[in-house]
Amino acid sequence: MADRSASDRRRHKKKIEDAIKDGVHHIVAEESIIGQDGKKKIRIPVRGIKEYRFVYGDNSQNKKVGSAPGKNITRGQQVGKSKKPSPDGDQAGDKPGEEYYEVEITLEELTHYLFSDLELPDLEKKTLKNVVGEKVKRHGYRPHGIRPRLDKKKTAINRIRRKAATDRLNKELIASGSEDARDPEENFPYRENDIVYRHIKKDIKESSNAVIFFLMDISGSMTQNKKFLARSFYFLLFHFINARYENTEVVFVAHDTNAYEVDEEKFFKRGNAGGTIVSSGLDLVHEIIKKRFHPSSWNIYCFQCSDGDNWANDMEKAYKSAETIKNMCQLFGYCEIEPDQERLKWMSEDSRMSSAYQTLVSRQFKIVKIHIKEDIWPAFKKLLGKRAQTVDII
Amino acid sequence: MSSSSEWDMKFLSEWDDKIAKLAESEGLDWFPINYEVCDYYSMIGHMSYHGMPSYYGHWSFGKAFERTHQMYNMGAEGLPYELIINSNPSIAYLMRENPAYLQLLIMCHCVGHSDFFKNNRMFQNTRPEAVIQRFRSAKKRIQAYVENPNIGIEKVEKIMDAAHAIQFQIPRYPVRRVSHKELKQKYIDLINNDEHDDYKDFDLTRIPLEPEYDILGFLLEHARLDEWKRDIIEIVKVHSAYFVPQMQTKIMNEGWASFWHYRLMHKLEVPQEYHIPFLKSHNQVIRPHIGGLNPYHVGFEMFRRIEERHGIEECFLARETCHDVSFLRQYLTQEDCYDLGLFSFSLKKDKYTIDDISDEDGWKTIRESLLRNVGTNGIPVIYVEQVEDSNILTLKHEHDGRDLELQHADEVVTHVSELWGDIVKLYTNIEGDTWEI
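Those sequence lines, one after another, are chains A and B. Counted from 1, the first sequence has number 180 at position 180 by this note's numbering; the numbering is strictly sequential. Counted from 1, the second sequence has number 68 at position 68 by this note's numbering; the numbering is strictly sequential.
Note that these hints are calculated values from the structure, not bench results. A portion of the hints provided could be inaccurate.
[Said to hold, decoys possible] BS3-like cross-link-like pairs, simulated, lysine-lysine; straight-line CA separation at most 27 angstroms: (1) A:Lys13 with A:Lys171; (2) B:Lys396 with A:Lys71; (3) B:Lys155 with A:Lys381; (4) A:Lys171 with B:Lys280; (5) A:Lys81 with B:Lys349; (6) A:Lys50 with B:Lys396; (7) B:Lys364 with A:Lys81; (8) B:Lys267 with B:Lys18; (9) B:Lys280 with A:Lys13; (10) A:Lys50 with B:Lys118; (11) A:Lys15 with B:Lys140; (12) B:Lys280 with A:Lys81; (13) A:Lys382 with A:Lys21.
[Claimed, not checked] Covered stretches of chain A (in silico footprint by chain B; criterion: 3 or more residues with CB under 8 angstroms from a CB of chain B, positions within the stretch not fixed): (14) 57 to 71; (15) 171 to 179.
Please read these numbers as outputs of a predicted model, since none were measured by experiment. By construction, the Cβ of each residue, glycine as well, lies at the ideal position given by its N, Cα and C atoms.
Model the full assembly from the supplied sequences, consistent with the hints where possible.
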């Protein structure tokens, strides 16, 4: 008979993956993942795929009955701790207390889950090279495979795990004096189920010429909190782009009253000082585009993070520069960081960059705002969501 | 596995005849059984679908599969998996990996189950002749909704998930549902012949006229539903109703089957070398689960004792007329409670603590706790109270001392409002106070 449960298992798996995705969004803003390398494992809590029913709560009014023939038991004796359902296997799945389980994934997988619904908009294929790159990539495990791909470690772990479980059961059997108890010294051979092979998959990536500019305000008004939010936002963008496109150049530009092209590390770790002249940063971006990334052969994306503060006399200049860059870009994303507790202290609504930029908003120019870390993911999605439309202000 | 060479189809068929002859002479009366030999993997597949050859697709069966599979890999292997469904003819599965003696044990066990299905009162409305066809046709319809571009899997799952959430909020005993119209007529008649003014203030516009325990049935009658949604709810309801008798007789059914495999295996003239492994497997099946309750253990012990005390005729009578609740109420004695080592326990400050043990003072309260948890008694009773003015559906929990688990209740209420298409409220008691969800 064919494998009848295959499609239902697939649906179940998809639900788990969706739950992972959900869980992922909650931890996007957690500092622990920011600035880690791709190999480190991250534990994320995943909501179990539960089937809800009306059930009784597990509490003192809800008395259940167990059996322990021949055992010396007394009233008041403790027979277990919460969260460990009684060995009545049938009901275990419906009990509360297993709401979450944790899944360990790498940053690479994390980005996969995070970004699977997003893409850089409008990646026009420009004139130069436009090849499709092919890469072989590890992709999970399979019960069958060729000998060289046998994963000995994992196979051994499977056997050990099975042995531990059997021993546990066996202990119980010995304790209950059952005749089925096996001799613990007995051999414990490998089973077919233990054996796993590494699986590989061809990973096709679009390879196009794209350059991404990250432009960040590092002036004195950018407090630690704001910088953290900006950093998280860029971190997502950076990993998104890395995950998606093979040949993408990334340019980091930091500015206060002057602008500097910096490397990744400096960009994320640079200290702050001084006033703000936004146009300085924009001009540097413009200059770099002119010198190195001609718009006829490059897809250009520019993302700017700022707290909205600019030197008043620079507003018009900044607007003009942003407009010029916008016209060269596939997408200009402006993200205004404005933590709630620091809000409206000293700045009026219309002296902000976002107000100045308002008339630029179009398909190529988007504005998002971030107040708290929970905004980061929605902002990110609004910026890059497949169906994201024009005026997206959170 | 090495043992598979010990038997072949001819072997099974010969023993099937012998078992049938013996069982008949013992007074068992069962549906013909079609055995299907399958490997462990398909066995788990069948188990995830309650053995039904064509159950509709739903992700929860995929989940069930993964869980069983994992349990098997985690050391529950080697257990004699048996699976038989209540149909006429019955369908039973034998695992290819089983050694010869185990196939015989399982076949005897299946005869016991099939006899139970055929004779127990709770099963009288399950229509075992038509069940396969019924499930197959339902599966096809659901598949069509999934493939229908206007509906699709997401929508089907949404309705299915919601219907599953209340799938056992249906009548617990076989009664025909009285429609709103019939009920209304009944009250009109009562009002017309109302000599003592008993129904003076009776509100005929109220929906439902009486508390409605069949929530799915109520929704089918009163909710505004697309045809396909109605069909899915109907399917879930009919399928669930089919399984209710099995939930209500789990202990008896497994007890009866174990009682008979034990008895038949002893009377069959099986090869000498089967005896020890048979006893081993038997003991494994009916071993007590320390701290838990193994229905095979309790059921087997009960039938064994009933036979000892009252003779085999009484066993046959019980298998015909009882369900788990009435069975235990009638036959479970203090001695049994003591021998089975029954105790009641509950959670106190996140530790499970024993409340009572089976001594002179404790055994009756233990029996009561047990009766509250067997069969469908472990499922809270919820009924439709009323549809309020602005189409708010109010449900009520029939509180019996046990509080609901609120997070679950909350999610279920959301599911019900998905089906009702409007606001749904649930009233219950939590720690003595009225609680509204």
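Holds or violated: Lys155 of chain B with Lys381 of chain A, Cα cutoff 27 angstroms? holds, 25 angstroms
Does the alpha-carbon distance linking Lys171 of chain A and Lys280 of chain B stay inside the 27 angstroms limit? Answer holds: Lys171 of chain A to Lys280 of chain B is near 17 angstroms, not above 27 angstroms.
Is the Cα-Cα distance between Lys280 of chain B and Lys81 of chain A 27 angstroms or less? violated, 32 angstroms
Starting from Lys15 of chain A, check that the Cα of Lys140 of chain B is at most 27 angstroms away, please. Distance ~23 angstroms between Lys15 of chain A and Lys140 of chain B Cα, so the pair holds.
Given hint Lys349 of chain B paired with Lys81 of chain A - CA-CA distance at most 27 angstroms: Holds, at about 9 angstroms.
With the threshold set at 27 angstroms, check whether the alpha-carbon distance from Lys50 of chain A to Lys118 of chain B stays at or below it. violated, 35 angstroms
Hey, Lys382 of chain A versus Lys21 of chain A, does the alpha-carbon distance stay inside 27 angstroms? holds, 17 angstroms
Need the status of pair Lys280 of chain B, Lys13 of chain A: alpha-carbon distance at most 27 angstroms? violated, 38 angstroms
Taking only the CA atoms, is the gap from Lys267 of chain B to Lys18 of chain B under or equal to 27 angstroms? holds, 11 angstroms
CA of Lys13 of chain A to CA of Lys171 of chain A, is that 27 angstroms or under? Given pair Lys13 of chain A, Lys171 of chain A is violated - Cα atoms ~34 angstroms apart, limit 27 angstroms.
Agreement of Lys50 of chain A and Lys396 of chain B with the hint, judged by alpha carbon distance not exceeding 27 angstroms: The given pair, whose Cα atoms are some 23 angstroms apart, holds under the 27 angstroms limit.
Count the residues of the region 57 to 71 of chain A with a beta-carbon closer than 8 angstroms to any beta-carbon of chain B: does the count reach three? Answer holds; 15 residues pass the 8 angstroms Cβ test.
Consistency with the previously given hints fails for numbers 1, 2, 9, 10, 12, ordered from lowest to highest.
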